[in-house]
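Student: Sequence:
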Amino acid sequence: MNAPYLPDMSLKGKLRRRATRFADRKPLPAFARRYVSFTFDDFPKSSAEHGAAALEFHNLRGTYYACTGQLDTENHFGQLCSAKDIQKLANAGHEIGCHTENHIDCAVSHPAIAESEARRNRLVLSELGVREVRSFAFPYGDVSFASKKTLAASYATLRGVQPGINHQFADANQLLAVPLEGDLSEADYALSFLRGLANKPGWLIFYTHDVREDSSDWGCTPVLLQHIIAEAMKMDAIIAPVSEVFKQISQEAQS
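Position in the sequence shown (first residue = 1) + 126 = our numbering.
Be aware that one or more of the hints could be misleading.
Claimed, not checked - Calculated cross-link-like contacts (lysine-lysine; reagent style DSS-like; alpha-carbon spacing at most 25 angstroms):
1. K210 with K171
2. K373 with K275
3. K373 with K214
4. K360 with K326
5. K171 with K214
6. K326 with K152
What the hints assert, rightly or not - Distance windows between CB atoms, simulated:
7. D340 with L317: 31 to 41 angstroms
8. D343 with P155: 27 to 37 angstroms
9. D309 with E253: 35 to 45 angstroms
10. K326 with A209: 33 to 43 angstroms
11. S280 with A379: 19 to 29 angstroms
12. R147 with R321: 15 to 25 angstroms
13. H293 with A145: 14 to 24 angstroms
14. V349 with R159: 23 to 33 angstroms
15. A279 with Q380: 17 to 27 angstroms
16. L197 with D343: 19 to 29 angstroms
17. I364 with K152: 40 to 50 angstroms
18. Q377 with A218: 19 to 29 angstroms
It should be emphasised that the hints constitute simulated quantities derived from the structure, not laboratory data.
Glycine is no exception: its CB is placed at the ideal position from the N, C-alpha and C atoms.
Sequences are here, hints too, so could you generate the full structure?
Tutor: Listed below in structure tokens is the structure:
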């Protein structure tokens, strides 16, 4: 099971994380509208239940990045999802993305291992009825130059955890994303990015893990998620899964 991650804070680690953002880039086009995506990493059963319920209440859908090697296990996020959870979410219209089979660190793993892990993950998802997997998120948000290049060949988008709003020229192979963590009292951080989106069209991607009252340090409470969804709806943003937003902006750029 994946444990709480402590990133490489050495000078080498910091430089690598910064430098990979400039390698194998797939620049996004200009944005005429505002987009928001809600994403869930790993993903815990609580996000499959409470996260989906919060979105579906408004007839919205999110993106769930699955690690099929961890089905029916438990860790610091609580109980993780089951095969039935994946099938239920997919049948309800949520996007199922890839997060590698066993939540490996793509920054230190050989690119062949990262590719194999992702391929096996897609195979299991296919057996569960998820026929097309177009979105990938780096476990721990980190990746090496070589693994980024390898993974980019198989997905429309790759998502990291560097906070920010994706505007024109942002990298679809390392999308920016903002953590959604804590309770309602900690909403200001997420709301600050919504205010930034209101000032300039772009694509704001939120990510979290567990969604429960006693959330982990990497998850959020249902009430916080509900609040941020409601605030995003007030600004008339298009709220959709990652692959759907990427498809829309790509089509708009070609028209």
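Student: Each hint should be assessed against the structure and marked as holding or not.
Tutor: For each hint, the structure was consulted:
1. K210 with K171: holds (10 angstroms)
2. K373 with K275: holds (21 angstroms)
3. K373 with K214: Between K373 and K214 the Cα gap is close to 23 angstroms, so the pair holds against 25 angstroms.
4. K360 with K326: Within the cut-off at roughly 15 angstroms; holds.
5. K171 with K214: Roughly 12 angstroms between the alpha carbons, so the hint for K171 and K214 holds.
6. K326 with K152: holds (21 angstroms)
7. D340 with L317: 31 to 41 angstroms: violated (23 angstroms)
8. D343 with P155: 27 to 37 angstroms: holds (36 angstroms)
9. D309 with E253: 35 to 45 angstroms: holds (38 angstroms)
10. K326 with A209: 33 to 43 angstroms: Since K326 and A209 have Cβ atoms about 41 angstroms apart, the given range 33 to 43 angstroms holds.
11. S280 with A379: 19 to 29 angstroms: Since S280 and A379 have Cβ atoms about 22 angstroms apart, the given range 19 to 29 angstroms holds.
12. R147 with R321: 15 to 25 angstroms: At roughly 24 angstroms between Cβ atoms, R321 and R147 fall inside 15 to 25 angstroms, so the hint holds.
13. H293 with A145: 14 to 24 angstroms: holds (21 angstroms)
14. V349 with R159: 23 to 33 angstroms: holds (28 angstroms)
15. A279 with Q380: 17 to 27 angstroms: Holds - the Cβ-Cβ distance for A279 and Q380, about 21 angstroms, lies within 17 to 27 angstroms.
16. L197 with D343: 19 to 29 angstroms: Because 23 angstroms falls inside the window, the suggested range holds.
17. I364 with K152: 40 to 50 angstroms: Violated, since I364 and K152 (Cβ atoms, about 21 angstroms apart) do not stay within the stated range.
18. Q377 with A218: 19 to 29 angstroms: About 24 angstroms separates the Cβ atoms of Q377 and A218, which means 19 to 29 angstroms holds.
Going through the hint list in order, the structure does not satisfy hints 7, 17.
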